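S.K.: Protein chains in written order, with my numbering: chain U, 1 to 389; chain S, 390 to 537.
Bear in mind the hints are in silico, worked out from the structure with no lab data behind them.
In this text the structure is predicted, and so the values were computed from the model without any measurement.
All clues stand as given, with none of them false.
Beyond 12 Å from chain S on every Cβ pair, some chain U residues (computed): (1) Lys2; (2) Gly56; (3) Glu194; (4) Arg202; (5) Ala216; (6) Phe231; (7) Thr249; (8) Ala250; (9) Arg265; (10) Leu266; (11) Thr279; (12) Lys324; (13) Met381.
Ranges between beta-carbon positions, derived for each pair: (14) S:Gly431 / U:Arg327: 40 to 48 Å; (15) U:Pro200 / S:Pro504: 55 to 63 Å; (16) U:Ala10 / S:Gly402: 28 to 36 Å; (17) S:His500 / U:Arg327: 51 to 59 Å; (18) S:Gly431 / U:Pro118: 18 to 26 Å; (19) S:Ala534 / U:Glu269: 45 to 53 Å; (20) S:Pro504 / U:Ser382: 46 to 54 Å; (21) U:Pro118 / S:Glu511: 46 to 54 Å; (22) U:His332 / S:Thr391: 28 to 36 Å; (23) S:Glu486 / U:Asn372: 30 to 38 Å; (24) S:Gly479 / U:Ala280: 40 to 48 Å.
Glycine included, each C-beta is placed from N, C-alpha and C at the ideal position.
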Amino acid sequence: MKADPKGVMAGAFFIDGDHACAEGAIAAGCRFVAGYPITPSTEVVERIAERFPLIGGMFIQMEDEIASSIAIQGAVWGGKKAMTVTSGPGFSLMMEHIGLAAMTETPCVFVDVQRGGPSTGLPTLPGQGDMMQARWGSHGDYGIIALCPNSPQESFDLTIKAFNLAEQYRIPVLLMLDECVGHMTERVVVPPAEEIEITPRRYWEGPKEGFLLFKAAPDRVPPMVKAGDGFNVHVTGLTHDERGYPVMTAPAQEKLVRRLVDKIRLNSEAIIEYREDQTAGADIVIVSYGITSRVAIPAIEQARREGAKVGHLRLITAWPFPAKRIRELSGHVSCFVVPEINYGQMVREVERCVAGRTRVERVSHGGGSVHNPKDIYAKIMSCGKEERR
Amino acid sequence: MTRTEIKIGGFGGQGVILSGYIIGRAAAIYDGKHATMIQAFGPEARGSACSAQIVVSSEPIAYPYITTPSIMIVMSQEAYTKFSPELAEGGILITEEELVKPHNLRKDLTHFSIPATRFAEELGRKMVLNIVMMGFLTAVTDIVAGAI
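Bound-form chain U, shown alone:
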């Protein structure tokens, strides 16, 4: 279906990544946001709070992030599209409810505008240290989707995509900005509503009799109903059967949790998105995401000018990770270089996929600024030298 024109502010704007995220959410049909504003994500909810009263949305400034991350799930079961917005310290507090959304298959969006950590760390300065937390932060096993925009335009586009994926797979989707993308201002084009594709909620359209809330379709995703429509459903974080009733046994756990993992794992080819530049025939491939994918470009261009065959693979979905593509590239690439604003997170995924077949080099940065492109360039050139030896 197409976007509701009431929420779409079509036109060209000079706005930052946070405001673009807010516009993306509104265009995607989000009409409930609960949050505990925190730098560098505050501008997202500032814009939501300003825009929502005009289009019939509801924004609540909650008492904390724990309450925010559960309020949105209540809104979803009440029939709204909903998100919460935070940064590292709040993201940590939300982990339990990311697990609840995964277990209860509640489609919603969590936005994390990453700053330097751990703890309160660097409120106004960038980091990319929440990437593994995005994958593994809540206890137990579950599949997850995390997206990494590298510009305000992509912040708008991927927020819409996050809402669509949440509905399609009935899971929480994480939008992993960083302070730079959140606070960088650039031209953003918001297309007219009729050009924005929206995935509607997968509501049950059959009879009430015999309806099973957690009986999955062939793609492993069950249909949903809305509170108040008379289905008398039971939604719990406990391991449950297809009716939603708690059944705490090993077979029930195997049936439910395997499906929660498989609905992302087995659909991963359809979900995974990345961009490649000159990877065919490359000796060295840079794997990057978020702002670091832009900081790497001057380094890559300089190395190419000096004759190095350097390719670039930019992650758009960090999770699920493009494992198959990295394995393919490891057949001809002599070295992967992974710059990120942490001491080594997504690089572990690259190392896992490469499995010792070729070199993997980190370019680590603890946060507080972006890399100096010279450091990435130096790593590329050092790989090239060892290769020639």
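Starting from the structure of chain U, add chain S where the hints point.
M.R.: Chain S only, in chain U's frame:
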């Protein structure tokens, strides 16, 4: 034109980031160019060192950070001391006359000293000093078209 880098520095509350926003918006929305604006500020709402980095280019901008700005506006002594060495050879430096004493001014620069705060006060509102600066920037550079 290929790539022009601009830096604006001052205190939080002077309108440093709004100035960067205005330049970027004029270029990206009304002038048909590409523009990025990066802001840097401390946790304080007012008074902390604050800066904006703007890149204006006829080509899409991959790397949004600036290394050697050719145009710089400084509205505090601290920003002058910290940032003016970064200016490109032969660059344009615009300072707030009453807030910045340009010690050891580099000979290669084109320097303009503007009593922006006083002009703003005469206009009736001290806080529009950044807009006075923007007007002056438009007059002495070709970074954005004079009339939109």
